[in-house]
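Enquirer: Chains as they are written, first to last, in the working numbering: chain F, 1 to 234; chain U, 235 to 629.
Derived from the structure by calculation, the hints contain no laboratory data. You may find that some hints are simply not true.
So the derived label-pair ranges between C-beta atoms look like this [claimed, not checked]:
1) LEU102(F) / PRO270(U): 40 to 50 Å
2) ASP66(F) / ARG584(U): 31 to 41 Å
3) SER178(F) / PRO288(U): 25 to 35 Å
Pulled from the structure, derived: some chain U residues nowhere near chain F, Cβ distances all over 12 Å [claimed, not checked]:
4) GLY294
5) SER437
6) GLY533
7) GLU553
8) GLY570
Covered stretches of chain F (chain U as the covering partner; in silico rule of three or more C-beta atoms under 8 Å from a C-beta of chain U) [said to hold, decoys possible]:
9) 54-66
10) 152-160
Using N, Cα and C, we set each Cβ at its ideal position, and we do this for glycine too.
Listed below, chain by chain, are the residues.
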Amino acid sequence: MASSPTTVARHDTGIVSGACLVPWGARAEGLPGAAEVDLPPLPNFVVSRFSPLVAEVVRRCLAGRDVSGPATAVVLGSVVADATTADVAARDLASGNVHNPLLFFQSVPSSVLGAIAREFGITGPMTCLSARDDLPRLLLDTATLLLAEEPIERVLVIGVELEPQPRAQQIFAELAASGSTTRAPRGDVAVALLLNRPVRLPESPGTGLVDLGYLAPLAALCPVTAPRQGEGAI
Amino acid sequence: MTDHVVITGYGVFTAFGYGADALRRGVFAGRHRFGPVTRFDTTGFRGTIAATHPADPDVGELRQYPVLRRCAEEALAMAGLAEAPAAPVLVGTQGDHTVLSRWWRAVVAEEPPEAALPGLAAHLPHQLGEDLRLGHPRLAFQNACVASADAVMYGCRLIHSGHTEVAVCGGVYLVDQEFFAKFDSGRAFARDGRVKPFDRSRSGLLLGDGAGVVVLESARHAAARGATPLAAITGWALAADAYHVVRPHPEGAGLAAAISQALGRAGIAPEAIGYVNAHGTGTPANDPAETAALRRALGAHATAVPVSSTKGSTGHMLEASGVVELIITMLALRDGQLPPTVGLVEPDPRCDLDYIPGEARAARPRRALTVNAGFGGLNSALVVEVGEEGIGDGE
Numbered sequence: 001m002a003s004s005p006t007t008v009a010r011h012d013t014g015i016v017s018g019a020c021l022v023p024w025g026a027r028a029e030g031l032p033g034a035a036e037v038d039l040p041p042l043p044n045f046v047v048s049r050f051s052p053l054v055a056e057v058v059r060r061c062l063a064g065r066d067v068s069g070p071a072t073a074v075v076l077g078s079v080v081a082d083a084t085t086a087d088v089a090a091r092d093l094a095s096g097n098v099h100n101p102l103l104f105f106q107s108v109p110s111s112v113l114g115a116i117a118r119e120f121g122i123t124g125p126m127t128c129l130s131a132r133d134d135l136p137r138l139l140l141d142t143a144t145l146l147l148a149e150e151p152i153e154r155v156l157v158i159g160v161e162l163e164p165q166p167r168a169q170q171i172f173a174e175l176a177a178s179g180s181t182t183r184a185p186r187g188d189v190a191v192a193l194l195l196n197r198p199v200r201l202p203e204s205p206g207t208g209l210v211d212l213g214y215l216a217p218l219a220a221l222c223p224v225t226a227p228r229q230g231e232g233a234i
Numbered sequence: 235m236t237d238h239v240v241i242t243g244y245g246v247f248t249a250f251g252y253g254a255d256a257l258r259r260g261v262f263a264g265r266h267r268f269g270p271v272t273r274f275d276t277t278g279f280r281g282t283i284a285a286t287h288p289a290d291p292d293v294g295e296l297r298q299y300p301v302l303r304r305c306a307e308e309a310l311a312m313a314g315l316a317e318a319p320a321a322p323v324l325v326g327t328q329g330d331h332t333v334l335s336r337w338w339r340a341v342v343a344e345e346p347p348e349a350a351l352p353g354l355a356a357h358l359p360h361q362l363g364e365d366l367r368l369g370h371p372r373l374a375f376q377n378a379c380v381a382s383a384d385a386v387m388y389g390c391r392l393i394h395s396g397h398t399e400v401a402v403c404g405g406v407y408l409v410d411q412e413f414f415a416k417f418d419s420g421r422a423f424a425r426d427g428r429v430k431p432f433d434r435s436r437s438g439l440l441l442g443d444g445a446g447v448v449v450l451e452s453a454r455h456a457a458a459r460g461a462t463p464l465a466a467i468t469g470w471a472l473a474a475d476a477y478h479v480v481r482p483h484p485e486g487a488g489l490a491a492a493i494s495q496a497l498g499r500a501g502i503a504p505e506a507i508g509y510v511n512a513h514g515t516g517t518p519a520n521d522p523a524e525t526a527a528l529r530r531a532l533g534a535h536a537t538a539v540p541v542s543s544t545k546g547s548t549g550h551m552l553e554a555s556g557v558v559e560l561i562i563t564m565l566a567l568r569d570g571q572l573p574p575t576v577g578l579v580e581p582d583p584r585c586d587l588d589y590i591p592g593e594a595r596a597a598r599p600r601r602a603l604t605v606n607a608g609f610g611g612l613n614s615a616l617v618v619e620v621g622e623e624g625i626g627d628g629e
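One chain only, chain F, in its complex shape (with noise of 0.2 Å):
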């Protein structure tokens, strides 16, 4: 799995630190939603790669840093959310088999938010949001709003997707027919952005981030990006 290390604060922009994994490489060729390197575990997450791929790009861009408290709000993104969650439980359910009772709290995004919140001792405002279009600026909008309001000081963004497996590529090419235009990543991809003031996307993120999909512009504010193999830096 590729990564940015946590990065130097740029307060000049309203970036503090960003953290960015795609998990492209030699070994997850063929094998979707498959990482380079494994996660570290999320104990209890034990079906899909959503929460721990949550958890471990926000490790990344909150390393070092002390957010604890009220003045830290937290906004989750992803257009179609944890759909192997969501397709275990529903093809379990479909196949007659007994569901499986770590499901139960799995099932919504807001969970991992709970570990991330009891990790880094936030308290301020979490909400998870999913949009059909323009995701990545909606939550930089959303963050701007929350950064207007007392207490809030930072807020720390987040925008996730799994690599698309068949209903959820059944989605984004149902979106692509109705004209939007998000498109999936290639892979799974987490973004983490710890923000303190307002900030605006990029106005073109590169071509070289294209295989990010819709999560693209938001991997582009990293402020240090990882090469990727063959390909030179995303």
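Chain U: place on chain F using the hints.
Expert: Using the frame of chain F, we list chain U on its own:
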């Protein structure tokens, strides 16, 4: 009420049906609609009970989008807004999981699946915006049981900050097999088929159908077009427990913080609150934690203020809970009737507040709180206020 975010219209649906009168005949009359689920096969589940509305014989199976759309149309009509082309559309929903179920049933049966996009959470606000020619952004809020309260707060923020004059905010959840199975496997359902908030013998929650939409406006905009505000939302806050993935903080730390921040935003002391619509799920963990939160945030006033959970009547409407309970709270203020906690007979000693058992109580407070909590340890609080002119003229 000036310089506030006001509610000028609403539409609501529960297992009792559409509209305020259905709530008055059900929630405010101390009734419940729990019964065996017939919407889908419950064979193999431990639980079989939920609060569901029967299918409409004219249109067949109840589906999320048509229910949400009707609520939105009723809200806009009540607000007197023939069009709202700049109004953001903000909806609490996890998406229509019946679409997901059908997709997988087709795949398992080796048949071609139907369209998958209508099941996407973000599809609901988008389609609502397209069909009713509303504005942007069009966002789905997926933070569990605070989702539609969060959608309302987002609308409040957009209006308060001057980004928009009107916002259409709501939420929807209809009892479906997917979430029923998850809650069943998590052993979250009441074992005796009744929701008993704050009761000594409570054993869990039961799901219920719910949808609601409110039209929010700046007070200035409503006044300029001659619209009469139904109520104002003067305070709002979200706060996290930082305690556990799903269990609430046992001392209600996050919920107390949300309440205190909402009161602070409204610029009022706890004593100004005359009614609290509690989250009150009837689970062993929630109710004492919520009681602790109310004591922590309201101080000595916690034992004086009437509190009720309406989930003993409606069931737990998940993402729709926040907005439906906001509408119930607004009705309580406007009608001068505080809804009872249906199912409460013998209070848990740890739940020792005035939880309005039995039947509705006549009272005419001007301000109320409505609170919710959700997976992830997320907590919401909204302060609702009616003006002197708004009391006793329930529409």
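Enquirer: Hint by hint, note whether the structure agrees.
Expert: Status of each hint after checking the structure:
1. Between LEU102(F) and PRO270(U) the beta carbon distance is about 28 Å. The supplied range of 40 to 50 Å is therefore violated.
2. A hinted range of 31 to 41 Å holds for the C-beta pair ASP66(F) and ARG584(U), which are about 35 Å apart.
3. Evaluation of the 25 to 35 Å hint for SER178(F) and PRO288(U) yields a pass: the beta carbon distance comes to about 33 Å.
4. Every Cβ of chain F is farther than 12 Å from the Cβ of GLY294(U); the closest lies at roughly 21 Å, confirming the non-interface assignment.
5. With a minimum CB-CB distance of about 16 Å to chain F, SER437(U) clears the 12 Å threshold, and the non-interface call stands.
6. The Cβ of GLY533(U) sits about 19 Å from the closest Cβ of chain F, beyond the 12 Å cut-off, so the non-interface label holds.
7. A cut-off of 12 Å between C-beta atoms contradicts the statement that GLU553(U) is not in contact with chain F; the least separation is 9 Å.
8. Once the 12 Å rule is applied to beta carbons, GLY570(U) is consistent with being away from chain F; the minimum gap is 33 Å.
9. A count of 0 residues in the stretch 54-66 of chain F with a Cβ less than 8 Å from any Cβ of chain U is obtained; the coverage claim is therefore unmet, three being the minimum.
10. Residue count for the stretch 152-160 of chain F with a Cβ under 8 Å from a Cβ of chain U: 0. That is fewer than the three needed, and the coverage hint is violated.
The structure does not agree with the numbered hints 1, 7, 9, 10 stated previously, though it agrees with the rest.
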